[in-house]
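Asker: Now for the letters of each chain:
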Amino acid sequence: GAGVSQSPSNKVTEKGKDVELRCDPISGHTALYWYRQSLGQGLEFLIYFQGNSAPDKSGLPSDRFSAERTGGSVSTLTIQRTQQEDSAVYLCASSFQSGTEAFFGQGTRLTVV
Amino acid sequence: GESVGLHLPTLSVQEGDNSIINCAYSNSASDYFIWYKQESGKGPQFIIDIRSNMDKRQGQRVTVLLNKTVKHLSLQIAATQPGDSAVYFCAEKSQGNLIFGKGTKLSVKP
Numbered sequence: 001g002a003g004v005s006q007s008p009s010n011k012v013t014e015k016g017k018d019v020e021l022r023c024d025p026i027s028g029h030t031a032l033y034w035y036r037q038s039l040g041q042g043l044e045f046l047i048y049f050q051g052n053s054a055p056d057k058s059g060l061p062s063d064r065f066s067a068e069r070t071g072g073s074v075s076t077l078t079i080q081r082t083q084q085e086d087s088a089v090y091l092c093a094s095s096f097q098s099g100t101e102a103f104f105g106q107g108t109r110l111t112v113v
Numbered sequence: 001g002e003s004v005g006l007h008l009p010t011l012s013v014q015e016g017d018n019s020i021i022n023c024a025y026s027n028s029a030s031d032y033f034i035w036y037k038q039e040s041g042k043g044p045q046f047i048i049d050i051r052s053n054m055d056k057r058q059g060q061r062v063t064v065l066l067n068k069t070v071k072h073l074s075l076q077i078a079a080t081q082p083g084d085s086a087v088y089f090c091a092e093k094s095q096g097n098l099i100f101g102k103g104t105k106l107s108v109k110p
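Taken in order, these protein sequences are the chains called A and B. 1 is the number of the first residue of the first sequence in the working numbering; add one for each residue after it. 1 is the number of the first residue of the second sequence in the working numbering; add one for each residue after it.
Keep in mind that a hint or two might mislead.
[To be verified] When the alpha-carbon atoms are kept at most 20 Å apart in a straight line, the in silico EDC-like pairs for lysine to aspartate or glutamate are as follows:
#, chain 1, residue 1, chain 2, residue 2
1, B, 42, A, 44
2, B, 102, A, 101
3, B, 42, A, 101
4, B, 102, B, 84
5, B, 71, B, 15
6, B, 105, B, 17
7, A, 17, A, 63
8, B, 71, B, 55
9, B, 56, B, 31
10, B, 56, A, 44
11, B, 109, B, 39
12, B, 42, A, 24
13, B, 102, A, 44
14, B, 42, B, 84
15, A, 15, A, 101
16, A, 11, A, 85
17, A, 57, A, 44
18, B, 71, B, 39
19, B, 68, B, 84
20, B, 68, B, 17
21, B, 105, A, 85
Derived by calculation from the structure, the hints in this document are not laboratory data.
Kindly generate the complete structure, drawing on both the sequences and the hints.
Answerer: Structure below.
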């Protein structure tokens with residue numbers, strides 16, 4: 001695709017339910033990042049994938065959060081047993097190599113009610 | 001551009017003036033730095049980047065300065081326009097990971 005695509009753009013879920021957020025990176029990009037952004041705040045790093053290397057999961061806030069990247073392309077961020085404090089915009093970015101600019105998707109706005 | 005509590009610092013400038021947004025980064029081993037602009041409801045957009053072997057890089061109306069001695073990065077915007085109003089983030093790359101600073105909200109007064 002022309003850019004990073006994230007789906008859904010908006011998601012409202014009930015507390016305690018599981019959600020899956022999807023990211024389609026730019027074709028050929030080997031690096032993929034997930035961030036969380038609360039209203040009016042900065043970007044909180046969650047997880048980073050680079051090629052076939054083991055992902056850097058150091059930013060995941062709890063074991064309810066997990067992510068995978070299949071075939072080095074599409075990535076899914078899963079949040080289990082959602083809590084109200086999980087409400088935020090989840091942003092995905094990809095880059096061609098680790099030392100080049102990262103391009104962002106428009107994000108998924110998650111609201112836990 | 002230092003973060004204060006939970007609120008983004010704000011820089012207010014007059015249209016046509018120059019803007020300077022500052023950022024302190026944390027990792028002396030970081031070798032690549034990027035400035036992003038984020039408008040309301042959108043994902044961050046790339047503005048300009050600089051590698052650690054440089055101390056200055058210029059783009060169209062924007063200049064990035066890097067001071068590795070004090071781990072400081074700045075973004076200068078010349079002749080600021082209303083369309084420049086947004087939140088600006090610096091980001092540093094170390095071993096591939098991309099870590100963002102707190103952000104500064106730029107408000108341009110007509």
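Asker: All the hints need checking, so say for each whether the structure fits it.
Answerer: Here's how the hints hold up against the structure:
{"no.": "1", "hint": "B:42 to A:44", "in the structure": "holds (16 Å)"}
{"no.": "2", "hint": "B:102 to A:101", "in the structure": "holds (19 Å)"}
{"no.": "3", "hint": "B:42 to A:101", "in the structure": "holds (17 Å)"}
{"no.": "4", "hint": "B:102 to B:84", "in the structure": "holds (18 Å)"}
{"no.": "5", "hint": "B:71 to B:15", "in the structure": "violated (30 Å)"}
{"no.": "6", "hint": "B:105 to B:17", "in the structure": "holds (16 Å)"}
{"no.": "7", "hint": "A:17 to A:63", "in the structure": "holds (15 Å)"}
{"no.": "8", "hint": "B:71 to B:55", "in the structure": "holds (11 Å)"}
{"no.": "9", "hint": "B:56 to B:31", "in the structure": "holds (14 Å)"}
{"no.": "10", "hint": "B:56 to A:44", "in the structure": "violated (27 Å)"}
{"no.": "11", "hint": "B:109 to B:39", "in the structure": "holds (16 Å)"}
{"no.": "12", "hint": "B:42 to A:24", "in the structure": "holds (17 Å)"}
{"no.": "13", "hint": "B:102 to A:44", "in the structure": "holds (9 Å)"}
{"no.": "14", "hint": "B:42 to B:84", "in the structure": "holds (14 Å)"}
{"no.": "15", "hint": "A:15 to A:101", "in the structure": "violated (36 Å)"}
{"no.": "16", "hint": "A:11 to A:85", "in the structure": "holds (14 Å)"}
{"no.": "17", "hint": "A:57 to A:44", "in the structure": "holds (12 Å)"}
{"no.": "18", "hint": "B:71 to B:39", "in the structure": "violated (26 Å)"}
{"no.": "19", "hint": "B:68 to B:84", "in the structure": "violated (27 Å)"}
{"no.": "20", "hint": "B:68 to B:17", "in the structure": "violated (27 Å)"}
{"no.": "21", "hint": "B:105 to A:85", "in the structure": "violated (24 Å)"}
In summary, the structure is inconsistent with hints 5, 10, 15, 18, 19, 20, 21 from the numbered list given earlier, while agreeing with the others.
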